[in-house]
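K.L.:
Sequence:
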Amino acid sequence: DIALSLSIGAAMFNGHPDYERLIQIADEALYIAKRRGRNRVELWKASL
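Take the sequence shown: its position 18, counted from the start at 1, is 18 in UniProt numbering, and no numbers get skipped.
Some clues are possibly wrong.
[What the hints assert, rightly or not] Computed spacing ranges between beta-carbons, pair by pair:
#	residue 1	residue 2	range
1	37	16	32 to 42 Å
2	4	32	15 to 25 Å
3	24	1	32 to 42 Å
The set of hints was computed from the structure by calculation and includes no laboratory data. Being a predicted model, the structure only gives us computed values, none of them experimental. Don't be surprised by glycine CBs; every beta carbon is placed ideally from N, CA and C.
Make a model of the complete structure from these sequences and hints.
P.N.:
Spelled out as structure tokens, the structure:
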């Protein structure tokens with residue numbers, strides 16, 4: 001057997017996002033998911 005885990009960080013903006021910032025906060029959400037125990041999805045919502 002192979003044990004796998006998956007952590008996902010996602011980000012949502014309203015309007016026209018700054019894509020560099022979008023990637024940065026998605027990466028932050030990924031690390032939050034990992035700190036909270038892995039096998040998680042964390043979604044970061046921001047308004048412009």
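K.L.:
Could one say that the CB atoms of residue 24 and residue 1 fall in the range 32 to 42 Å?
P.N.:
Since the Cβ atoms of residue 24 and residue 1 sit about 36 Å apart, the hinted range of 32 to 42 Å holds.
K.L.:
Between residue 4 and residue 32, is the Cβ distance one that fits in 15 to 25 Å?
P.N.:
holds (20 Å)
K.L.:
Has the hinted range 32 to 42 Å been met by the Cβ atoms of residue 37 and residue 16?
P.N.:
With a Cβ separation near 34 Å, residue 37 and residue 16 satisfy 32 to 42 Å, so the hint holds.
The earlier numbered hints are all upheld by this structure, with none contradicted.
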